[in-house]
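Visitor: Each chain, written out:
Number of protein chains: 2
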Amino acid sequence: MDKYFELNVDSVIDYVKSKIDFFSSDAEYKCNEIGDGNLNLVFRVFDSKNNKSLIVKQSLPYVRAAGEDWPLDIGRGEIESRILGIEYKLTDGLVPEIYIYDPIMCCMVMEDLSDYVIMRYGLIDGEIYPKFVDQISDFMVKTLLLTSDVVMEHKEKKESVKSFINPELCEITEDLVFTEPFNIGARNNIEESLVEFHKTHIVNDEKLSLETAKMKFDFMNNAQALLHGDLHTGSIFVNKDSTKVIDPEFAFYGPMAYDIGNVIANLIMNYLSAFYGMADGDKKDDFCRYMLSTIRDTVDVTKAKFLSVWDDVVTDTMAKKKGFKEFYVEDIFANTAGVCGCEMTRRTVGFAQVKDLNSIEDDSARYKAKTTNLLIAKELIINRTTAVTGQNYLDLLSKYCK
Amino acid sequence: MDKYFELNVDSVIDYVKSKIDFFSSDAEYKCNEIGDGNLNLVFRVFDSKNNKSLIVKQSLPYVRAAGEDWPLDIGRGEIESRILGIEYKLTDGLVPEIYIYDPIMCCMVMEDLSDYVIMRYGLIDGEIYPKFVDQISDFMVKTLLLTSDVVMEHKEKKESVKSFINPELCEITEDLVFTEPFNIGARNNIEESLVEFHKTHIVNDEKLSLETAKMKFDFMNNAQALLHGDLHTGSIFVNKDSTKVIDPEFAFYGPMAYDIGNVIANLIMNYLSAFYGMADGDKKDDFCRYMLSTIRDTVDVTKAKFLSVWDDVVTDTMAKKKGFKEFYVEDIFANTAGVCGCEMTRRTVGFAQVKDLNSIEDDSARYKAKTTNLLIAKELIINRTTAVTGQNYLDLLSKYCK
Numbered sequence: 079m080d081k082y083f084e085l086n087v088d089s090v091i092d093y094v095k096s097k098i099d100f101f102s103s104d105a106e107y108k109c110n111e112i113g114d115g116n117l118n119l120v121f122r123v124f125d126s127k128n129n130k131s132l133i134v135k136q137s138l139p140y141v142r143a144a145g146e147d148w149p150l151d152i153g154r155g156e157i158e159s160r161i162l163g164i165e166y167k168l169t170d171g172l173v174p175e176i177y178i179y180d181p182i183m184c185c186m187v188m189e190d191l192s193d194y195v196i197m198r199y200g201l202i203d204g205e206i207y208p209k210f211v212d213q214i215s216d217f218m219v220k221t222l223l224l225t226s227d228v229v230m231e232h233k234e235k236k237e238s239v240k241s242f243i244n245p246e247l248c249e250i251t252e253d254l255v256f257t258e259p260f261n262i263g264a265r266n267n268i269e270e271s272l273v274e275f276h277k278t279h280i281v282n283d284e285k286l287s288l289e290t291a292k293m294k295f296d297f298m299n300n301a302q303a304l305l306h307g308d309l310h311t312g313s314i315f316v317n318k319d320s321t322k323v324i325d326p327e328f329a330f331y332g333p334m335a336y337d338i339g340n341v342i343a344n345l346i347m348n349y350l351s352a353f354y355g356m357a358d359g360d361k362k363d364d365f366c367r368y369m370l371s372t373i374r375d376t377v378d379v380t381k382a383k384f385l386s387v388w389d390d391v392v393t394d395t396m397a398k399k400k401g402f403k404e405f406y407v408e409d410i411f412a413n414t415a416g417v418c419g420c421e422m423t424r425r426t427v428g429f430a431q432v433k434d435l436n437s438i439e440d441d442s443a444r445y446k447a448k449t450t451n452l453l454i455a456k457e458l459i460i461n462r463t464t465a466v467t468g469q470n471y472l473d474l475l476s477k478y479c480k
Numbered sequence: 079m080d081k082y083f084e085l086n087v088d089s090v091i092d093y094v095k096s097k098i099d100f101f102s103s104d105a106e107y108k109c110n111e112i113g114d115g116n117l118n119l120v121f122r123v124f125d126s127k128n129n130k131s132l133i134v135k136q137s138l139p140y141v142r143a144a145g146e147d148w149p150l151d152i153g154r155g156e157i158e159s160r161i162l163g164i165e166y167k168l169t170d171g172l173v174p175e176i177y178i179y180d181p182i183m184c185c186m187v188m189e190d191l192s193d194y195v196i197m198r199y200g201l202i203d204g205e206i207y208p209k210f211v212d213q214i215s216d217f218m219v220k221t222l223l224l225t226s227d228v229v230m231e232h233k234e235k236k237e238s239v240k241s242f243i244n245p246e247l248c249e250i251t252e253d254l255v256f257t258e259p260f261n262i263g264a265r266n267n268i269e270e271s272l273v274e275f276h277k278t279h280i281v282n283d284e285k286l287s288l289e290t291a292k293m294k295f296d297f298m299n300n301a302q303a304l305l306h307g308d309l310h311t312g313s314i315f316v317n318k319d320s321t322k323v324i325d326p327e328f329a330f331y332g333p334m335a336y337d338i339g340n341v342i343a344n345l346i347m348n349y350l351s352a353f354y355g356m357a358d359g360d361k362k363d364d365f366c367r368y369m370l371s372t373i374r375d376t377v378d379v380t381k382a383k384f385l386s387v388w389d390d391v392v393t394d395t396m397a398k399k400k401g402f403k404e405f406y407v408e409d410i411f412a413n414t415a416g417v418c419g420c421e422m423t424r425r426t427v428g429f430a431q432v433k434d435l436n437s438i439e440d441d442s443a444r445y446k447a448k449t450t451n452l453l454i455a456k457e458l459i460i461n462r463t464t465a466v467t468g469q470n471y472l473d474l475l476s477k478y479c480k
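Heads up: the protein sequence lines correspond to chains A and B, in order.
Each residue of the first sequence is one higher than the last, beginning at 79 in the numbering used here.
Each residue of the second sequence is one higher than the last, beginning at 79 in the numbering used here.
Chain A on its own, in the form it takes in the complex (with noise of 0.2 Å):
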């Protein structure tokens, strides 16, 4: 297989057997295709009698539903590959492991996730997820301080920078995350509803605005750490031992609040949606204390990890210096608290929203969760150097959520 052509069921079991050696000599090979085929086409090949699987991802040369008119970057499963590699290093498997990457046929042969479910899909099914904190915790606290100029060799971590430089994937994310929703137009998606909430509340506030704009800088310019870059609970494969992030495609040098940020407002709209949107009864009461102490620990076992690796990571001269360590976390936090408010407003007004709000069904409860969503992403925004603690911001949701 010297040359690109796209698998099916039948050769990709070929494909498999000649690329690496990982099902047994009697294995029953089966397949199926799975995914949506569209950017990708994605196979489970797997052992019947061995139960062993594994998947492969295929990069397509266009975007299947658009033709060959709209043509894709093949090479693209490379960085994911790259990135994917590094993150499985960091976090000790808290990414699916890849096992080969073929450049020639653009194939990810990797780790099989079929016993997780997507996390967002978990949590609006009202699912917990015990070990959730604790792992993606671990998975920020390792991806983040480990590849920043606090721990990594200053050389070396530029040529890191230069290169996971991301030009299209971060252009996305200034317009569609710290722009678009903060102003009239371009490609928001905003319900009847909140039209004229989102224009009094939002675009018309300049505090708002300008808290945001430097948001927006802060993204662009601080090359702190390697970022997941896309971090919401639809990137986050769970199950009730595991926890498996995936798809790191808009992966560059960004500040660390990115990801914790996302992770966050992605937890709390969740919240807000089983407040709102689930029938009243104990069902939703622990599951709404349950995701409340999911955020607040997420943000409070992140940052003591954070200030607890320190000392055994810390290579600068200068990051040894007295309060150093407490200022650059507490920074990181302010800022946590000003993307998670970017996130929940973009996700709630902005091109891509979240399931989690849409599929509120009742109109007044859907409309009272998005406009609370709001109102508590521009607090965070504005006041973000004050929520800094598990603690604020569930004084926060109590505050709103009524």
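To be clear, the hints were calculated from the coordinates, so they are not data collected in a lab.
Treat the hints with care, since some could be wrong.
Pairs count within a copy or across copies, as identical chains cannot be separated in the list.
[Stated by the list, open to error] Below, simulated EDC-like cross-link-like pairs (lysine to aspartate or glutamate); rule was C-alpha separation at most 16 Å, straight line:
| id | residue 1 | residue 2 |
| --- | --- | --- |
| 1 | LYS403 | GLU284 |
| 2 | LYS233 | GLU249 |
| 3 | LYS400 | ASP283 |
| 4 | LYS318 | ASP88 |
| 5 | LYS108 | ASP88 |
Given the structure of chain A, go ahead and fit chain B onto it with the hints provided.
Guide: Frame of chain A, contents of chain B only:
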């Protein structure tokens, strides 16, 4: 000439004739070798009949003083000529014009600046430069603002960031400016009489160390604009009419404050040199008055130009929000004071010092100049958010210069 060879005063004339249509056909060619010839060969080729001249600067593949055992990247002139080309365009000629860069011979053929002097030495001789403030402020505002995300298309700016990542030379600054002077040892170069002062007032001041650490991380992570990176008075050629910035080998994307702070620091050190080192009399009084107004105006004129140019050049939607311009510029000038303090410190106790201070012959005057310099530097770093106008600098100088 399809292969590199070292030029000499004879071959360079043929080289110039073959490469560039610059001199008249009746030219009477003369040539001098200028410069120390350690890293580069520098020739001035001139036509004594028509009074025209140019410079040929050829990179050597090794450090001549050390012999062939210390090899150098011969292509470094390519980067320098690229940056000078960008700066020439942006500033309408406030750097020497590059006529040709020849990648085979590793030669820049460029504008002759023989009728300029290096500003540091001119100032040490008590010369005044009436056009300097207007020209250096133009240089800074144009090279900085026009290469930032405020103005540039963001994807193009990221490609520019990528192409100017400069790990080796940034490391020199990180170590020599932001680390070693605030610690004991390393390559510091401290007069015997200052050893205790340095330890007590600099190294043992925890607040100073903490604030310097913040400045260091801003330098490393804040890819705000394309900096010159080494903008002291030794990198500036001047005469009564004109200013030309040279030697941009440290250029990279960093915080605008780094360039501005370097200029101001070197002006302040020259003022201290005059205040403590010049013989009392009218000449000293006039020159000190001139230096104080130059320091004040460099701050205030540069800031005023940032603010006045902004509305004409800004393209980013969020950067146009009310209050952002003032926030952005104020932030630059607070960090400028911090950089200024770091530069003043390292030029007094660090590896690379300045003649302004070291040439004061009287021991006690030199001690007074250097300790005053360190105390002002410290206050600039720690209280940088309150040193944002020219008058703030003059107040500090009058507080400490007794």
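Visitor: Hint by hint, note whether the structure agrees.
Guide: Evaluation of the provided hints:
1. With identical chains, the CA atoms of LYS403 and GLU284 are at most 16 Å apart between copies only, with a shortest distance of 13 Å across copies and 33 Å within one.
2. Taking identical chains as interchangeable, the C-alpha atoms of LYS233 and GLU249 lie at most 16 Å apart only when they sit on different chains, with a minimum of 7 Å there against 26 Å within one chain.
3. In this homomeric assembly, LYS400 and ASP283 come within 16 Å of each other (Cα to Cα) only across copies, at 10 Å, whereas the closest approach inside a single copy is 39 Å.
4. Taking the shortest alpha-carbon separations for LYS318 and ASP88, neither the intra-copy value of 34 Å nor the inter-copy value of 80 Å comes in at or below 16 Å.
5. For the homomeric pair LYS108 and ASP88, the shortest alpha-carbon distance inside one copy (9 Å) is at most 16 Å, but the shortest distance between copies (78 Å) is not.
Hint compliance for this structure: hint 4 is the single one not met.
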